[in-house]
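*Asks:* The chain contents come next:
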Amino acid sequence: MISGSTRRAWIAASAAAALVLTLGACGGGGGGGGGGDASSIVIDTTFDIKTADPAREYEPTGQIVVKALYDTLLTFAEGDITTPIPDLAASYTYNDDLTEFTFTLAEGRVFNDGSPVTADDVVFSFQRLQGLKGNPSFLVDGITVEKVDDSTVKMTTAESSPALPAILATPSTGIVSQALVTANGGTTDEADAAEDFLNATSAGSGPYIFEKFDMQTEVVLLKNPKYNGPQKPSYERVILRNTEPPTQKMNVERGDSQVALGLSGDQVTSLADGVELESVPSATVVFLFANNNPAISELTANPDTVRAIKAAIDYPGLLEIAGEGAGQATSLIPTQFLGTLPQEEAMTRDLETAKELAAAAGIVGKSITLSFPNDIDPTGLQMTTVAERVQAQLAEADITVDLAPAPFGTEIDAYRNGEEVIGLWYWNPDYLDPANYLAFGPGQTVGLRAGWPEDANAAISDLVAQGYTTGDHDARKALFEEWGRKMNAESPFIPLLQPSSNIAYQPSVTGVSYNPVWLINVAALGAK
Amino acid sequence: MTHDDAPRPALPTSTTTAHDDAAASALSPAHDGAPTPALRRRSPSWWRRIPPTWRAPLAIAAAILAIAWTIVAIFGPLLAPHDPLAQDLPRFLPPGSQALLGTDELGRDVFSRIIAGARVTIGLALLLVLMSMLIGSFLGVIAGFFGRWVDEVIMRLTDLVMAFPTVILAMVTAAALGASLFNAVLAALVVSWPAYARVVRSLVLQVRTSDFVASGRLLGFSPWRSMRQDILPNIAGPTLVMASLDIGTAALLLSGLSFLGLGAKPPTPEWGSMVGSAVLNFDKWWLGLFPGVAILTVVMAFNFLGDALRDQLDPGSERV
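Just so you know, the sequences run in chain order A and B. Following the numbering used here, the residues of the first sequence are numbered contiguously, the last one being 528. Following the numbering used here, the residues of the second sequence are numbered contiguously, the last one being 320.
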């Protein structure tokens with residue numbers, strides 16, 4: 001029996017509880033940055049980030065973050081990767097030899113502490129990038145950077161450098177505040193100790209600044225109130241979350257996130273209605289290499305082994321596992337770049353030849369280790385899946401490979417030190433010029449990872465040298481095509497495929513555009 | 001049929017004696033007073049010969065499942081409709097006529113992979129249990145029999161290992177050794193022997209003070225002969241029970257390590273790693289569900305089987 005007053009008390013209590021719950025739900029929606037909140041945006045991606053120091057970062061997630069924090073001298077407009085446009089540099093001129101570039105800085109641009117961006121900061125940033133000898137340092141090797149006056153900088157190169165403007169649009173060349181960085185341990189040599197500072201605080205003039213930087217789970221960016229550049233960032237807060245692709249799909253379908261960067265070609269085929277999709281061929285090239293260094297493996301150092309592997313791989317069979325939109329990499333230069341090879345010149349399978357070569361190389365019945373990172377899928381394509389398919393295809397040509405998966409963090413060192421026997425990796429372009437791929441040449445950065453020394457192939461080395469210096473557009477096209485042909489035939493590298501790049505996003509988001517270097521420019525995103 | 005009133009080989013070491021003993025004597029009325037004489041008369045004689053613990057529905061189901069999985073493990077390659085490594089079917093085929101339990105991200109038949117995985121999982125679980133039982137029992141007997149500093153050293157070592165959370169220690173060991181099935185078994189061995197050492201030691205301590213052990217020693221038995229003739233037969237039953245209860249746990253631990261990428265290397269068909277890669281495609285429900293069910297049934301079957309065996313061989317101990 002409930003008396004009248006007790007019942008009224010119950011009703012009042014229930015109403016109060018309902019009110020509290022409703023208010024709580026609203027508060028949760030607003031504060032958590034969930035669906036429909038125009039002031040913040042949640043972007044899900046699989047993290048591949050080791051630092052937020054522009055002079056050190058060289059990983060896909062790092063590029064997104066650094067692009068948002070630091071401005072570069074030049075940049076590319078959304079959706080166009082052919083012509084560099086001004087950013088911190090209002091204009092630039094160069095001589096006929098392509099050896100002297102003079103940049104005039106834009107007026108009035110400031111760092112996030114309010115201090116002006118000067119020629120001294122530009123010179124310091126480039127000297128620091130060179131002096132650190134970090135992963136991106138090679139981008140600016142051999143460039144002398146001088147201050148002409150407070151708003152003019154001159155860059156001189158020994159050889160003609162047609163790729164320089166494109167290089168100056170890469171996030172790693174972002175301009176840091178000399179005062180802030182030197183005050184926190186920054187120098188222009190290897191003694192630099194500013195990395196920890198730059199992982200907590202941004203020292204740039206970019207449209208965003210740090211709120212939180214956690215390399216494992218979440219990076220939160222806040223709109224830079226002092227930003228006065230040409231971009232129009234619309235979200236107050238950008239939250240990048242480390243999320244596995246299946247969760248990314250569910251999150252973007254449910255509206256828990258607004259953008260998902262890591263969906264595979266398989267996943268987007270079953271994307272729920274009401275989610276927009278930007279699906280374009282990525283410039284990421286997945287490739288194999290067989291180490292040319294006899295100290296690592298006598299077997300793979302034999303050129304016949306590499307040729308056998310090249311002939312044993314069923315390239316269309318690999319595309320099948322990459323899902324919608326993927327394509328065969330015709331050479332190491334992706335199909336949307338200058339100097340790529342036409343599809344009919346791509347490598348094809350020849351099982352009989354592969355078997356003969358394998359027998360000639362003496363690898364039949366022996367096991368070769370194939371190392372790959374098993375926790376990373378830069379384009380939604382699991383490296384493990386590719387490795388398993390490659391293993392099965394090679395087995396058909398009597399080539400036995402033993403898979404050795406390892407986490408990215410541990411495997412990347414073996415790869416960079418050239419210790420892998422067969423490696424399965426991928427290459428995201430550092431800048432939007434085919435000269436980028438010359439790094440695969442003998443004695444170059446990536447070439448050395450495959451144990452391929454400077455003197456290994458004079459013809460290719462010669463093409464590499466020309467690639468860095470030839471300025472004429474048509475001559476470059478022919479040169480890079482020839483380079484690609486020779487690399488396909490004689491290098492220890494085997495280009496496999498270019499997975500599709502899929503960006504799924506809520507219809508409320510505008511300005512979504514894929515960039516091969518920085519994937520997505522968060523400052524270009526807007527809300528309807 | 002307890003340790004106190006029976007001299008020397010007090011506990012039956014062979015299952016045949018166990019059955020006869022149990023059916024005939026103290027065990028059955030104590031355990032199973034319920035069946036009425038009428039019911040007994042109606043059941044056929046072979047049924048009555050089965051000890052009551054094995055007539056429980058759970059025990060029967062567990063035995064059937066365990067035997068079925070063991071057959072699958074032994075005759076796997078003959079039963080599988082496809083090569084578990086062949087990538088020749090369409091990818092992500094849902095369960096149906098073309099592939100009974102569907103296909104995975106590389107077009108491999110999930111059913112065939114589960115069958116092939118039985119050999120890996122059950123075989124390695126048995127191996128692991130056997131190894132940890134041998135190592136743990138050996139150390140336990142030594143510790144219990146000799147006592148003093150030998151006991152102290154061995155028991156502190158078990159304390160040391162048991163102080164760590166099992167899975168974490170196994171993970172650390174497997175990660176340090178590198179990912180492979182062999183290393184996963186080694187890692188699991190590191191964490192699973194101390195339980196045996198502990199239990200066996202306490203059993204030995206009980207038996208060691210018995211009169212028949214003392215008389216054996218007075219007759220001039222060497223420690224080795226005493227351990228072999230007087231001690232071992234008396235601790236074998238409970239140890240076997242513990243081992244049988246452990247098979248399920250061992251299977252789970254090994255699958256768990258593979259799930260984390262610390263066990264089976266691709267493309268080995270292993271249930272844990274199958275579930276692990278299914279996580280990346282969890283809208284394809286069949287990729288994770290079926291290997292998961294396989295793990296579940298194996299673990300449950302061996303657990304119930306262990307329970308029944310315990311009721312049979314070691315009725316004194318508590319039910320879990």
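Hints were generated in silico from the structure; no laboratory data involved. Please note that a few of the clues may not be correct.
Derived pair list, reagent style DSS-like, types lysine-lysine, alpha-carbon separation capped at 27 Å [said to hold, decoys possible]:
#: 1; chain 1: A; residue 1: K355; chain 2: B; residue 2: K265
#: 2; chain 1: A; residue 1: K232; chain 2: A; residue 2: K212
#: 3; chain 1: A; residue 1: K50; chain 2: A; residue 2: K212
#: 4; chain 1: A; residue 1: K223; chain 2: A; residue 2: K212
#: 5; chain 1: B; residue 1: K265; chain 2: A; residue 2: K528
#: 6; chain 1: A; residue 1: K223; chain 2: A; residue 2: K528
*Asks:* Now, for every hint given, state plainly whether the structure supports it.
*Replies:* Now for the hints, and whether the structure bears them out:
1. Between A:K355 and B:K265, the direct Cα distance comes to roughly 26 Å. Compliance with the 27 Å bound is thereby established for this hinted pair.
2. Proposed proximity of A:K232 and A:K212 is supported: the alpha carbons are some 22 Å apart, at most 27 Å.
3. Between the alpha carbons of A:K50 and A:K212 the distance comes to roughly 15 Å, so the proposed pair stays at or under 27 Å and holds.
4. Distance hint between A:K223 and A:K212 is fulfilled; the C-alpha atoms sit about 13 Å from each other, no more than 27 Å.
5. For the hint linking B:K265 to A:K528, the alpha-carbon distance of about 47 Å lies beyond 27 Å, and the restraint is violated.
6. As the CA atoms of A:K223 and A:K528 are separated by approximately 18 Å, the hinted pair is consistent with the 27 Å bound.
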